[in-house]
Each structure stands twice: as C-alpha cells, then as structure tokens.
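Chemist: From just these sequences and the hints, can you work out the full model?
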Amino acid sequence: MKGMITWALIVTALSLPALAHAAGPAEAQVYSAGFIDAAGPVAAAQFEHFKTIILLMLIVVVPIFVLVPWVLWRYRRGGRGAYRPDWDFNWGNEAVLWGVPIVLIIILSSALWAHTHKYDPYRPLGNDPLDIEVISLDWKFLFIYPQQGIATLDYLALEQGRPVRLKLTSGTVMQSFMIPQLAGQIYTMAGMTTQLNLMADREGEYLGRNTQYNGDGFATQSFRTTVMPASQFDRWVQDTRQSAQALDLATYGALLKPSVEHAPRYYGTVENGLFDRVLASFTGGHAHAGKTAPQASQPREHYHLQNHAKGAEQ
Amino acid sequence: MSWETIFGQLGWDSLVFTGAIKHPSASEFVAFGAGSIVVLGAVAVVVLLTAMRWWGPLWRDWLTSVDHKKIGIMYIVIALVMFLRALIEAGVMRSQQLAAYDSAGYLSADHFGQLFTTHGTIMIFFVAMPFITGLMNYVMPLQIGARDVSFPLLNAISLMLTAAGAGLIMVSLVVGEFSTGGWSGYPPFTGIEFSPGEGVDYWIWSVTLASIGSTLTGLNFAVTLYKKRCPGMDMFRMPLFCWTTLCTSILMIFAMAPLTVATIMLALDRYLGFHFFTNGDGGNMMNFANLFWLFGHPEVYILLLPALGVWSEVVSTFVGKRIYGYTSLVYATMCIAVLSFGVWLHHFFTMGQSANVNAIFGIATMIIGIPTGVKVYDWILTMYRGRIRITTPMLFHINFLLTFVLGGMTGILLANPTVDFQVHNSLFLIAHFHNMIIPGVLFGMFAAVQYWFPKAFGFRLHEGWGKAAFWSLAPGFLLAFFPLYWLGMNGAPRRTVMWSDPAFYPWLALAMLGAVLLLVGTVFLLVQIGVSIRQRRQLAVPLGDPWDGRSLEWSIPSPPPAWNFAVVPQVGGRDAFTEAKKNGLAYRSPAAYSDIEMPCNSMVAPLIGIFTFTLAFALVWHIWWLAVLSFIVVWGVVIARSFVSQTHEIIPASRVEAENEAFLAAARATPGVTRDLEMSPENRGKAAPDRLEQAGQKRPDDVLESAI
Amino acid sequence: MNAPQPLHPGVNLDVTDRKSHEKASEVIFGFWIFLMSDLVLFAALFATYAAMSTQGIAQGPAPSEVFDLGSAFIETLLLLLSSFTFGFAILAMKYSTSRLRLLAWLGVTAVLGAAFVAFELHDYYVMIVNNDAWPQTSGFLSAYYLLTGTHAVHVSAGILWMIVLAVQVMTLGTNPLVKLRLLRLALFWHMLDIVWVGIFTFVYLFGVAA
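If you're matching them up, the sequences are chains X, F and B in order. Heads up: the first sequence runs through residues 1 to 314, numbered per this note's numbering. Heads up: the second sequence runs through residues 1 to 708, numbered per this note's numbering. Heads up: the third sequence runs through residues 1 to 210, numbered per this note's numbering.
Please keep in mind that the hints were generated in silico from the structure rather than gathered at the bench. Any given hint might turn out to be false.
Unchecked claim - Capping the alpha-carbon separation at 27 angstroms, the derived lysine-lysine pairs in BS3-like fashion look like this:
1. X:167 / X:118
2. X:51 / X:118
3. B:19 / F:228
4. B:23 / F:22
5. B:23 / B:94
6. X:257 / X:167
7. B:23 / F:228
8. F:227 / B:19
9. F:227 / B:23
10. B:19 / B:94
Predicted model only: the values in this text are computed from it and were never measured.
Modeler: The following block contains the structure:
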C-alpha cells in the first residue's frame with residue numbers, strides 16, 4: 001500500500017509540469033487528430049472501413065466476453081454445472097467454430113480487396129490534379145510545385161477540393177510521409193519514387209509528418225498543411241513567386257545537411273528537373289557525382305536537441 | 001604496435017562513464033546509472049559466488065551441464081534478468097515521454113533512440129525467445145517420456161550462444177553505444193553512412209548469435225519429437241504443448257536463416273563497403289525489409305505457439321477435463337505455422353507495392369485469424385462441463401482469453417492495407433503487438449512458471465503472491481497499452497522522444513501508471529520466489545503431482561532425477577498419467593531396471609559461449625587479432641571435442657532402482673489430497689481422485705447440456 | 001530375426017555394421033534437418049541474387065561481361081567428380097576392411113574440392129583485375145560474391161572436416177562415431193554439389209544468356 005502511494009506521488013509529480021503547460025495559452029499550433037477527424041475523402045473512407053471491420057469482428061469478440069464469465073461461474077468447482085471430464089468433441093461445435101470465422105473472413109476479404117484497390121495510394125482521384133514533388137530530408141520535407149515553379153520547405157499549401165498527386169523520393173534514408181487527416185502514409189526511398197494521391201475537402205490547417213524513425217530530429221519532423229479555396233491558393237502561389245529565395249543545386253546541397261527546421265521556407269524559383277536530378281544522384285553512381293545533385297555523404301554527428309521553438313511540431 | 005592494433009576502436013571515451021564526466025547532462029547521468037548497475041551487478045555476483053563458494057558447483061553442475069532441465073532453467077534465468085532491464089527501459093521511455101511535453105525532457109534524442117532499440121531487441125531475442133526455449137527444453141522431453149533431447153551438447157551450445165548475445169548487449173551499456181535503428185534495424189539508416197560507429201554492429205552481432213542458437217534449438221527439438229517419443233506415444237497422443245513445440249521448432253529451423261542472411265548482408269555493407277542495402281550503386285533497401293520480415297513474422301508465431309501450448313496444458317489440468325478438440329487444436333497449430341510464412345509483407349504495406357500484392361497478403365493475414373480463433377473457443381469449451389479451479393495460472397489464462405482476442409481484432413484491422421496506411425508506425429501498432437505478446441506470450445510464460453516450478457524445484461510457489469502479481473500485471477497491461485490505441489488513431493507516431501499535443505497528455509499519464517503497475521507486478525513475482533524459497537518446507541511437493549496432472553511429467557519425482565524416468569514409460573493414449581491414476585496403475589514398481597547411459601558434462605559449451613562473445617565483441621570494436629583468435633578457438637574446441645571418446649557415463653541399475661523404489665514407496669504410503677487441499681501444506685504432490693464435499697448429492701443436469 | 005531395413009535416406013550400414021546402423025537414424029535425420037536450414041539460407045541468397053542481378057547492376061559491369069563460362073564448367077566438373085569420388089569413399093567405408101581405400105578416396109575428394117576453390121578464387125582475381133568487378137562495385141556484384149563465396153566457404157569447411165576425419169580414421173579407426181560422421185560429411189558434400197548446380201544454372205548460364 002505504501003509503495004502504491006509513493007508511486008502515485010511520483011507519477012503525479014512527473015505530470016505537474018505538463019499539466020501546467022496544457023493550461024497555457026493556445027498559439028498557432030497545429031495538432032493532429034488522425035483519421036478520426038478526416039478532412040478528405042481518403043481518410044474518411046479509411047475511418048469508415050475501420051469502423052466496419054470492428055463491427056464485423058464483434059461477431060467473434062462479443063460471444064467470448066459473454067461465454068467466458070458464464071462458463072467461469074457455472075462450471076466453477078462447486079458450481080451447478082455438470083461435470084463431464086471425458087467430453088472432448090462435438091461435430092456441431094466444430095462446424096460453428098470453423099464455419100463462422102471462415103464466412104466472416106470471406107466477407108472481410110472481399111471488403112479488403114475492394115477497399116485496397118479503391119484507396120490505393122497510386123490511384124488518381126480525379127482529373128487535373130495538383131502535382132507536387134516531395135523530397136524527404138533529415139529532418140524536413142521539401143515540396144516542389146513543378147506546375148507553379150515554386151517550392152517550400154516544411155509547408156504544404158493545397159487547394160480545397162482539387163485532387164493532389166504527390167510524387168515522393170528521399171534524399172537520405174527511408175522515411176514515411178503522412179498527413180493523417182487527409183490520407184494514409186507512403187514510404188520515401190532514395191533512388192526510387194512512390195506516389196500518394198489525396199484530396200482535401202475541408203479548409204483548415206492540418207499536421208503532416210514523417211513516421212519512419214530517421215535519427216535525432218525525428219520527433220519534430222512535422223509540417224503544417226494549409227488547405228485553402230482555389231482563389232486563395234492562386235494568391236498564395238503568386239506571393240510565393242515573389243520570394244527571393246531560390247531552390248537550386250547549391251541550396252539543395254545545404255539542405256542535405258541534417259538539421260531541425262523551426263520555420264518554413266518559401267522558394268520563388270526552382271531549378272528545372274531538380275527532383276529527377278535528386279533521383280539520378282543515387283542511380284547514377286559515384287562516377288557521375290559532378291553532374292547530379294550532391295548526396296548526403298558527410299558523417300553524421302549526434303544532433304543534440306535543446307529546447308525547440310514553437311512551430312508545427314508533434 | 002599502435003593502440004588501434006591492440007584495442008581496435010576502443011578508447012577511454014567508449015566507456016559510458018566518461019560521457020557523464022566530459023559532458024554532463026540528465027541523459028548522461030541515466031546512462032551512467034545504467035552502466036553502473038551492470039558493473040556493480042557483475043561485481044555483486046562475483047562476490048556472492050566467492051563468499052558462498054559456489055564457483056565449483058556453478059561450473060560443475062550448471063555451466064558444463066548438458067541436462068535439458070538445467071539448460072531450461074538457465075535459459076529462463078537469462079530471460080528474467082533481461083526482462084528486468086528491458087522493463088526498466090520501457091519505464092524510462094514512458095517517463096521521458098511524460099516529461100517531454102513541449103520541451104526536450106531529460107533524455108537526449110539519441111539516448112531515447114538507443115532505448116527503444118534495446119527494449120525491442122532484448123524483449124524479443126533475450127527475453128521471449130529464451131523464455132519459451134527454456135520452457136520447451138524443460139518440459140517437452142518429460143512429456144514425451146524421454147531422458148533428454150536428441151543432441152544434449154548442441155542444446156548447451158545453443159544456450160551459451162544466447163548467453164553470449166545477451167552478454168554483448170549488457171556490455172553495450174558500459175562500453176560504447178547501441179544502435180538507434182529499432183529492433184528491425186532498417187537500412188539505409190543502419191548502414192555505415194547514416195549510422196557510423198559501433199551501435200548497429202552491437203545489434204548485428206548480438207542478434208546473429210541469438211539467431212544461430214535458435215536455429216540449432218529448433219533442429220534439436222524437432223528431431224527429439226520425431227525420434228525420442230516413448231513407446232506407445234504416437235504423434236496424436238502427445239500433449240498439445242509438444243505439438244506446439246514441434247511447430248515452433250519447424251518455424252525456428254526455417255525462419256531464422258533469412259534473419260542471419262539479412263544481418264550478414266548489413267554487416268558486409270558496413271564493414272566491407274558492399275552494396276546490398278545502400279542508397280545507390282545497385283543497393284536496394286526493400287530487400288532488407290523482405291528478408292527481415294520473412295523471419296520476423298514467423299518469429300512472432302515462434303513466440304506465441306509455445307504459449308498457446310501452455311494454455312492447453314493449464315486449462316486441461318485446472319479444469320480436470322480432457323482438452324476439447326485435440327485434433328482441431330493440432331490442425332489449427334499446423335495451419336498457423338504454415339500460414340505464418342505467407343504473410344510477411346503486411347509489415348510494409350506502405351512501401352509502394354501494387355494494390356493486388358497488398359490485398360493478397362492482407363487476406364492471407366486475416367486467414368491466420370481463423371485457426372487462432374478456433375483455439376480460443378476450444379479452450380472455452382474445455383472449461384465448459386469442467387470443474388474450474390481459479391489458480392494463478394488460470395487467472396492468467398482467463399485474462400488471455402479476454403484481452404488477446406481484442407489484440408486479434410486490431411490485428412485484423414491492421415491486416416487491411418486501407419487501415420494500415422493510417423496506423424502503421426503509430427502507437428496503434430505498438431499497442432497491437434504488445435496486446436498479443438504480453439497477455440499471450442509473457443503471461444503464458446508466467447503461468448507456465450507457476451505451473452511447472454513445483455516440478456522443477458520440488459515446492460510450490462506461494463499462491464497469494466502469485467495472485468497479487470496477477471492483479472497488478474493484468475490491469476497494468478491494460479492501462480499501459482489501451483490508451484496507445486487511442487493515441488495511434490489520433491496520429492501519434494511510435495519511437496518519438498517528445499510531444500507537443502496537449503490532448504495526448506492524460507493518455508500518456510495513464511500509460512505511465514500502467515507501466516508502473518507492470519513493474520510492481522514483476523517485483524511481486526520476484527518476491528513470490530523469495531517467499532516460496534523461505535517457506536519451501538510448507539510448500540514442498542516432492543511426490544511430483546501437485547495439480548492432479550494429466551501428462552507424464554507429473555508421474556516422476558519433484559525435482560526429477562537426472563535420467564527423468566527410471567524406466568522408459570509405455571503409454572496407451574492421451575493424458576497417460578490420468579488414465580494410469582484412474583486405472584490404479586500409477587506408482588507401480590517396474591518389472592525390471594536396467595543401466596542408463598547419460599551424456600557427461602562438457603566444457604565445450606561454456607568455452608564456445610565465451611569465445612563467441614569475444615569474437616562478437618572483437619567484431620564490434622574492430623579488434624581483428626581477437627576476432628581471428630576467437631574464431632580459431634571456437635572451431636578448435638569443436639574439433640577437439642570430436643576426438644573425445646568418453647562422452648557418456650553409465651548409471652548403474654542398482655542406483656536407479658534404489659532411488660525410484662524409495663520414491664514409489666513414499667508415493668504409495670502418502671494419502672493423496674483432493675483439490676480442496678491443493679494449496680495447503682497437506683499437498684505433498686500426490687493427488688486423490690477429486691470429490692466435492694457434497695459427494696452424495698445428485699446434481700441437477702442442465703437442460704442445455706442434456707440437449708447436446 | 002529379420003534383415004535390417006534402411007533407416008534413413010542415403011547409404012545405410014545395415015548389412016555391414018549393425019551397431020552403427022542403429023545409432024544412425026536419429027543423428028542422420030538431425031543432419032538432414034540441418035541441411036534443410038542451410039538450404040533455406042542459400043535460398044535467401046539466391047533470391048537476393050535474382051533481384052540484384054537485374055536491378056542492382058548500377059554503373060558496374062553486367063553479368064555477361066564478367067562471367068567465364070569455361071571456368072565455371074571446369075569447376076562444375078571438379079565438384080561433380082568429387083561427389084563421385086566421395087561416393088567411392090563411402091562404399092569403401094561400408095564394405096572394405098582396409099582403411100587405406102577410404103583414406104585414398106577421401107584424399108582425392110579433398111584435392112578435387114581444393115581445386116574447385118582454387119579455380120573460384122582465380123575467377124575472382126580475373127574479374128577484379130580485368131573488369132574492376134569488386135564486390136564493392138555494385139549490388140549485383142555484392143550478391144554474386146556473397147552467394148558464390150558462401151558456397152566456397154562451405155566447400156572449404158567441408159575440406160577441413162575431411163582432413164579432421166581422415167586423422168580420426170587413422171587414430172580412432174572406423175568406429176561407429178567416425179562412420180556416422182563420414183556419412184554426414186557425405187550428405188553435406190553432396191548438398192553443396194546440388195547448390196553448385198543451382199549456381200551454375202541460375203548465375204552463370206542465365207547470366208551469360210541475358
């Protein structure tokens with residue numbers, strides 16, 4: 001008992017600083033709510049599927065929660081249940097025990113097949129998609145808008161109601177790109193491209209992040225996603241074009257160094273074909289290093305995180 | 001002769017203590033503390049062994065033993081020690097996450113990275129694997145009426161390889177740092193470019209040592225089950241624990257090889273600049289994922305199947321009834337084993353495969369749920385029409401029935417790529433697999449210890465402390481992990497050192513409380529052992545059958561003699577010992593005794609353990625002369641052993657007869673106890689046919705039962 | 001009573017050495033299982049090679065540029081012949097009263113095996129000197145060297161094992177233990193032969209044809 005009280009006190013003491021923080025003033029923070037609070041059709045469908053599976057699985061789960069207490073009570077030693085120590089088989093039971101799960105899995109399998117195809121990240125969600133190229137770095141994401149000729153770091157602007165087609169690769173290690181309220185995740189790997197199709201049908205700010213551990217800055221590798229109506233999006237593109245910062249090979253080379261970013265960056269001009277150059281830097285081999293984008297080949301030191309500033313973090 | 005030639009990359013800075021001195025921080029102090037515990041612990045062990053003059057007996061009776069019973073116990077000791085470490089690591093991670101709201105907390109990100117890596121690696125390879133291996137080692141030969149496993153020396157070597165791996169991981173707390181790549185170690189993050197240094201090498205070699213040990217164990221057990229069953233014990237008369245051991249062994253034989261290949265390839269990339277998994281130059285990281293999970297998925301069934309076997313034994317015994325659906329359970333076990341090789345891709349649905357490929361593996365994954373569900377219902381049907389006694393193992397089993405099925409449900413959720421795309425790499429995933437492993441494997445192993453401890457040591461464990469442990473562990477697990485499901489659904493990723501979402505806070509606090517309860521429950525289990533040792537006279541059950549057991553292991557003394565059975569038994573059906581007791585054939589003197597040939601102790605196994613440890617350590621630190629020397633010594637020992645001709649000793653029939661007759665006489669003379677007195681000092685390990693007090697009363701039959 | 005039946009796949013000693021024959025079943029069965037696990041290892045190496053020989057060439061040489069089919073053919077003959085001579089060694093062990101025959105055939109097998117390894121090492125040397133084809137050059141070459149190298153290491157270990165057993169035959173004689181070890185080494189050697197046939201087919205023939 002005394003031990004329990006001590007532990008409870010320790011836990012409370014550990015909780016106090018955080019509780020104090022939790023009561024603090026709200027800032028321009030973006031928090032993730034996951035697909036429970038879906039803001040796009042893919043995430044919404046994923047959550048629906050989630051709920052459907054749970055409902056179907058209750059067919060198997062609920063009987064266990066009913067039978068176990070009943071059996072325990074009735075057949076306890078000294079209870080009213082009859083004792084048949086050699087009763088160990090019944091064909092009827094077998095038919096039900098194997099049959100019900102088999103039927104259930106057949107139903108679930110057809111649902112799985114249909115949904116996996118319908119919400120395949122590679123399946124386009126409509127015509128005239130907004131094309132964005134994503135390069136995952138340590139510990140930030142670079143977004144290139146090839147149609148608009150601009151780029152951003154750790155900030156994604158999307159047009160409400162318009163299909164988005166992301167083409168992803170990595171400049172460093174394997175990562176996993178995700179904006180939970182809009183769609184599921186997809187890995188990014190150097191020298192390869194993956195695709196993610198999503199759409200946002202609700203205005204607002206959402207959190208995106210990397211979910212595949214990649215080192216010291218992993219915990220804060222997240223970015224703000226702003227979904228805005230078409231007119232506002234066009235204005236944002238115009239404004240970004242005015243930015244003096246340019247994304248060229250030199251800038252990219254600087255970005256390759258491991259760093260934690262506290263504020264987004266906006267690039268008014270982008271070097272043509274940068275995404276393909278990044279890809280080629282891995283498939284082209286060391287002999288061609290001069291002609292392609294630089295690789296992250298410097299040794300990495302431990303990046304000691306001190307206090308990080310406020311921003312879109314998780 | 002430079003420093004580097006002699007010591008490789010070892011330096012004074014490699015010691016964990018210099019970190020705290022040179023750049024002190026809370027994180028460094030925690031590391032200092034951990035390293036100190038290892039050093040002080042080792043010193044304490046040495047002092048204890050010296051003071052009690054236990055070095056001789058340790059070497060003669062344990063380290064050089066090739067007796068499956070001793071080896072089994074040593075495996076479980078390793079598992080329990082490593083469990084304490086990994087459990088504390090979990091607690092540290094939990095408390096860091098609780099402290100790190102909008103601040104960096106007290107642990108550095110790198111330290112946290114090492115913690116989750118060692119936590120996972122240790123729990124899988126140095127807690128769960130040794131635990132199940134030790135249990136199968138101890139129990140399986142007894143259940144099939146054998147004197148030992150087929151290859152006793154190989155058994156000891158497997159143990160020592162596992163011990164070497166565990167030693168390497170413990171040393172990493174004192175010298176150097178560990179990998180931060182997680183227990184699955186994905187390149188290119190774990191490649192030399194992104195993780196230079198010794199960390200990933202520690203991971204590679206400790207895992208490789210453990211995996212070689214497990215391959216050899218699987219081989220050993222499979223051959224034993226095929227070749228050493230006593231006369232009359234057909235495959236379909238074996239206890240279910242033996243069936244799950246057989247399927248587990250087959251999985252071990254086939255599944256460990258892809259892991260060895262993956263780790264060796266990663267080692268070649270790191271040490272020699274090969275291009276298996278590098279970015280560029282033809283390397284492909286996706287191959288690692290495929291190879292690793294080709295091992296990784298069968299691995300989790302390797303962990304689970306023995307626990308499922310334990311449940312079958314526990315239920316059947318504490319309900320006083322034949323297991324329901326024996327044949328179904330056997331085929332279900334086989335289905336699980338075979339299917340487990342066809343689902344590995346579900347660990348990386350998000351890696352960019354086509355929808356067709358993802359869907360096929362998703363469906364295959366769901367199909368494994370069918371035989372698993374059948375097993376759960378079969379155990380419930382075993383309890384139906386039985387006479388249930390709520391002992392500590394049964395408490396664990398009931399908890400398993402209720403919580404494991406919830407984990408199974410989340411497994412079906414994860415099997416659907418559509419859902420998995422959302423919750424992969426999130427706390428939902430963490431909650432799912434802990435939901436399978438803790439109530440399934442861990443509690444199964446705890447229950448097994450409660451159940452078979454009296455057989456191994458001759459006295460029961462204190463039931464009160466056992467129940468107290470359960471009532472802390474069970475809610476502890478629920479509190480520690482169910483909040484994580486919710487957090488995962490809200491977008492919380494795994495392996496993250498800090499948070500800033502205030503909504504997560506209360507759930508993390510609950511999880512911390514759960515972790516504390518799990519730690520308390522574990523402490524209670526240790527207290528239970530201590531109290532039981534102190535009260536061993538009241539708890540003594542030397543006659544070997546404290547629970548009115550059904551299989552052969554309960555028919556021999558507790559603890560069993562080295563040769564297990566004085567005369568190899570002959571069985572006529574399942575639940576052989578129960579049948580014998582029913583027909584009045586238990587504790588009969590055999591017609592004749594003969595000499596028994598038993599393998600001698602051998603120092604080959606501990607030598608191999610020591611020098612594979614030095615080989616691995618040398619590889620980690622690039623001490624090439626030591627690596628070469630260790631390799632030569634290891635194979636030299638193997639070759640030298642093959643020239644030894646005196647590898648067995650004869651135990652004279654007279655000695656066997658004397659010991660056995662004394663046991664039988666005591667058993668015949670002692671009155672058995674009914675289950676009412678199961679937990680009382682009157683229980684000396686002999687069972688009387690069970691009667692309830694109101695024996696004469698006619699019991700009303702249930703209408704439902706009459707209908708079936 | 002009745003004639004003993006073969007207890008395990010492979011050469012059985014039922015006719016000539018009953019005592020060894022009875023001990024063999026468990027031990028040989030265990031060894032077959034060990035071979036199966038070794039084959040799984042090779043299977044993983046083959047699968048890796050299959051993927052990397054097409055996707056992992058990068059800037060390095062392609063298979064058809066580096067493989068010397070002639071040399072590989074000679075290696076195949078050497079190894080197949082060595083399996084043949086090992087067969088004679090086992091027959092000598094089973095039927096012959098003099099140990100000399102056994103030792104002689106073992107010796108020939110070991111020499112053929114050593115020649116195999118020597119040819120393979122020479123192949124590596126030529127690849128490196130002529131084509132700059134190091135294992136560090138590309139993923140394909142890493143996979144090639146690991147697959148063939150693992151096989152060569154197994155063969156070398158087999159030769160070492162042969163030497164140790166030859167010493168045991170000379171010092172301990174052909175007692176049951178030694179006979180059972182020779183039977184297991186035989187199985188090991190023949191398995192390596194089969195793996196090599198796989199390598200010759202899937203690595204060399206396929207590689208040159210592509």
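Chemist: Next, verify each hint and record whether it holds.
Modeler: Consistency of the hints with the structure:
Taking the CA atoms of residue 167 (chain X) and residue 118 (chain X), the gap is about 19 angstroms. The hint holds against a cut of 27 angstroms. Distance check on the hinted pair: residue 51 (chain X) and residue 118 (chain X) sit about 17 angstroms apart at the alpha-carbon level, within 27 angstroms; holds. About 18 angstroms separates the Cα atoms of residue 19 (chain B) and residue 228 (chain F), which keeps this hinted pair within 27 angstroms; it holds. For the suggested pair residue 23 (chain B) and residue 22 (chain F), the alpha carbons sit about 63 angstroms apart, so the restraint of at most 27 angstroms is broken.
This hinted pair checks out: residue 23 (chain B) and residue 94 (chain B) have alpha carbons roughly 15 angstroms apart, not beyond 27 angstroms. Distance check on the hinted pair: residue 257 (chain X) and residue 167 (chain X) sit about 22 angstroms apart at the alpha-carbon level, within 27 angstroms; holds. The hinted pair formed by residue 23 (chain B) and residue 228 (chain F) meets the criterion: a straight-line CA distance of about 13 angstroms does not exceed 27 angstroms. Restraint check for residue 227 (chain F) and residue 19 (chain B): satisfied, since their Cα atoms lie roughly 17 angstroms apart, inside the 27 angstroms limit.
Distance hint between residue 227 (chain F) and residue 23 (chain B) is fulfilled; the C-alpha atoms sit about 11 angstroms from each other, no more than 27 angstroms. At most 27 angstroms may separate the alpha-carbon atoms for a hinted pair to count; residue 19 (chain B) and residue 94 (chain B) meet this at roughly 13 angstroms.
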